[in-house]
Amino acid sequence: MKKALLSLFLTIACASMAFSQNPATVKFSTTDTVACGSFTWSNDSIYTASTVDTYTSGDTVYVLNLVLEAPKVDTLVAVPVAGACSAHSLWNDKVWGSDGFYLDTIRIPGQCDSVIKVQVTLSGLDTLAEETATACDFYVASWGDTIRATNIGTDVTFTTATCQLLVNSLNITIKNAVVTPTKQITADGCSYDWNGINITAPNVAYYDTLLAANGCDSIISLMVTAFSGNAYDTTDLVVCDYYVNGTDTVRTTTTLTTTTEVSPGCFDHDVINLTVRYTFTDTNATIVRDTIGGCSLSWFGNTYGLNHIGQTFYAYDKTTLGECDSLVAIRLTALDGNKHDTVEVSYCGNNYTWNGNAIQATGEYTHVDSTAATATTPKCYTTHHLLFTLTDRYVDTTHRNTVNRCGSYKFPFNPTGNTTYNTDTAVFTTSGVYTEAPDGRPLISVDNATKCATHYTLTVNVIPISQNGTYEVETTACDSYDFRFFGSNVINHSVDTTIFVQRRTNNSCFDSTGHLKLTINRRSYADYNVDTCDSYTWTGFTNTTYTASTVDSLRLTNQKNSVGCDSIGRLNLVINTTPEVVIEGSWNLETSANGDGTAHLVAVCEEEGVTYAWFLGTETTPASTSETLDANVTSNTDVRLETTSLNGCVAKNWITITLGIEGSDDINVSIYPNPASRYINIESAEGLRDVVIYNAIGQQVINRTIGANMTTLDLGNLASGNYTMRITALNGEQTTRKFIVNK
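4 is the number of the first residue of the sequence shown in the numbering used here; add one for each residue after it.
Just so you know, these hints were derived from the structure itself, not from any lab. Glycine is no exception: its CB is placed at the ideal position from the N, C-alpha and C atoms. Hints are supplied without guarantee of correctness; some may be wrong.
[To be verified] Label-pair ranges, simulated between beta-carbon atoms: (1) Ser483 - Thr228: 55 to 61 Å; (2) Arg558 - Gln122: 54 to 60 Å; (3) Ile312 - Asn276: 25 to 31 Å.
Sequences and hints are given; from them, build the entire structure.
Next comes the structure, spelled out in structure tokens:
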């Protein structure tokens with residue numbers, strides 16, 4: 004401390020000497036502080052012990068008086084944890100999952116941290132009344148064992164590491180997946196689509212799963228033994244006059260064939276059956292039109308008048324579908340300027356009006372409309388003719404009707420002929436023959452427009468109504484019930500009693516009275532809460548694949564509840580997204596003197612809060628859990644990066660760290676062509692087990708199982724650029740090759 008103070012004194016003295024020419028400009032800033040463990044000062048220095056220090060900035064001398072205290076270490080603290088065998092958060096907001104001694108830290112504001120040694124003792128007993136389940140292939144029990152066969156037990160005790168779990172009743176049913184033999188086919192063309200899989204390599208089995216009748220997956224497989232190598236696409240084409248085929252113009256009916264080799268031995272044949280038809284010219288040349296009534300003529304959508312006389316006009320006649328147009332022409336020689344129209348009217352009464360005039364007698368009437376005439380077209384007018392026949396107001400058109408009704412009969416008639424058409428009703432309660440209503444009005448129906456009347460003669464048979472019993476109906480429905488009577492509906496949503504009346508007519512009339520006693524039961528609802536990544540298929544229900552969060556429901560008619568009503572399944576779905584990750588760095592290494600090298604890899608992800616795990620080869624323990632990986636390798640090594648988001652979605656990226664000169668491995672492999680545009684061939688005498696292709700940023704873009712000495716890969720979905728191919732032989736040896744895609 005004394006040495007430190009002396010150093011401070013000398014520093015201040017030197018500072019005073021340095022500014023002795025202008026002591027008024029010197030400033031001092033002193034910091035007195037007590038810190039815990041370490042302290043970082045404003046000059047970015049980190050101190051781990053008590054000290055006195057200074058530094059100068061501009062015209063200011065900064066002085067630090069620092070006292071550091073060490074964290075405290077307390078004695079043993081016993082923390083018994085009561086409860087079950089699982090983890091508990093019972094002390095210092097920490098989760099303790101097993102017995103043992105632990106070091107924990109308690110931070111006290113204004114003081115140094117206290118390091119506490121904690122003894123955790125877990126105790127307790129888990130008891131489960133019963134465990135019943137149905138599973139496919141295997142079932143993981145609550146005590147951790149995997150059950151692979153149907154198992155039924157009673158009063159079984161299972162002991163765990165720290166306590167025991169009792170199962171009073173165990174009833175596990177195991178169903179097995181169904182595996183069907185591989186189906187072999189010969190496919191047309193050079194590829195085959197099966198269950199969303201595009202098959203381009205022969206003699207390779209492809210697998211998929213379907214839901215079997217027992218609720219478990221059914222594994223099915225398909226193998227294409229050979230491709231025919233030819234695909235044909237035939238088109239029937241009809242054109243007018245000519246057809247442009249590439250750079251050629253075809254003007255005759257013919258067959259056009261184009262052959263393209265899409266891969267070695269695979270051809271696409273495009274066949275066009277071409278029919279050429281020709282534009283038709285009217286053999287009558289020009290159609291002459293003269294003395295056309297009126298002042299204009301409409302022809303093919305155009306109107307021609309007096310100013311078009313002596314001219315010729317052309318038009319395309321759109322003929323029958325599939326035919327070509329016909330070229331036609333018209334030439335006007337004259338228009339007579341006068342149009343005529345005739346109308347015949349038969350009317351009852353004397354109040355008919357025509358062109359503003361009252362027509363009161365039978366005869367022929369003429370009206371000339373000259374509104375179209377002008378100084379230049381004085382003969383343009385229209386003559387209207389009316390042939391009018393006046394008839395008696397009450398025409399003797401008698402209708403005889405016979406009706407049978409229960410109790411009474413209502414007859415609608417309109418004796419006044421008012422324009423509002425107020426229909427009256429006559430009610431007959433006794434049988435008989437009627438020509439007028441009970442109130443004395445004649446049974447006449449007058450037409451509103453013509454004022455002509457129709458006389459009715461009615462024979463009415465009124466049948467007395469008799470009582471015919473009482474009926475009781477008792478039924479049960481789910482949620483609602485629709486009961487129909489007299490053409491109306493009664494829908495009940497609760498337990499209810501409704502009186503109804505039903506009337507029937509055959510040889511006699513009678514009424515039936517009764518009661519409907521209705522009991523309403525309710526459907527039950529089952530909630531399916533799903534939290535998953537990227538997509539979800541509601542298997543066994545709608546079988547719909549969802550890619551976004553949603554709420555959906557389905558009526559489960561095959562799942563009845565205890566009261567016999569259907570169940571409603573409700574899906575509450577939350578879709579989380581898998582993080583997008585790119586691996587940057589260098590993993591293609593040159594051979595060093597001792598045959599090894601170090602690759603520096605960096606994971607780039609814009610999503611916050613993700614965690615990383617790097618795995619080398621087949622290791623299950625992460626080589627790094629940070630954003631970076633420095634890997635020292637002595638041979639070609641696979642690297643797998645698993646990136647986990649806050650919502651638990653995992654993105655997997657693969658790259659291969661390669662050493663040495665390309666192609667120096669023991670495996671003899673040929674790849675061609677290189678660069679490749681669409682297809683690349685791979686051959687090896689050792690046999691090919693699988694091929695994996697990575698892009699320039701380490702993402703796996705193709706993974707194929709081969710099982711043969713030669714294969715052809717379709718690169719149609721890859722962009723132009725550099726790629727790395729990892730090839731595994733049938734004996735397990737591996738090699739890497741680089742190639743270029745150039746489109």
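Status of each hint after checking the structure:
About 59 Å separates the C-beta atoms of Ser483 and Thr228, a value consistent with the hinted range of 55 to 61 Å. For Arg558 and Gln122, the Cβ-Cβ distance of about 57 Å falls inside the hinted range of 54 to 60 Å, so the restraint holds. The hinted range of 25 to 31 Å is not satisfied by Ile312 and Asn276, whose Cβ atoms lie roughly 50 Å apart.
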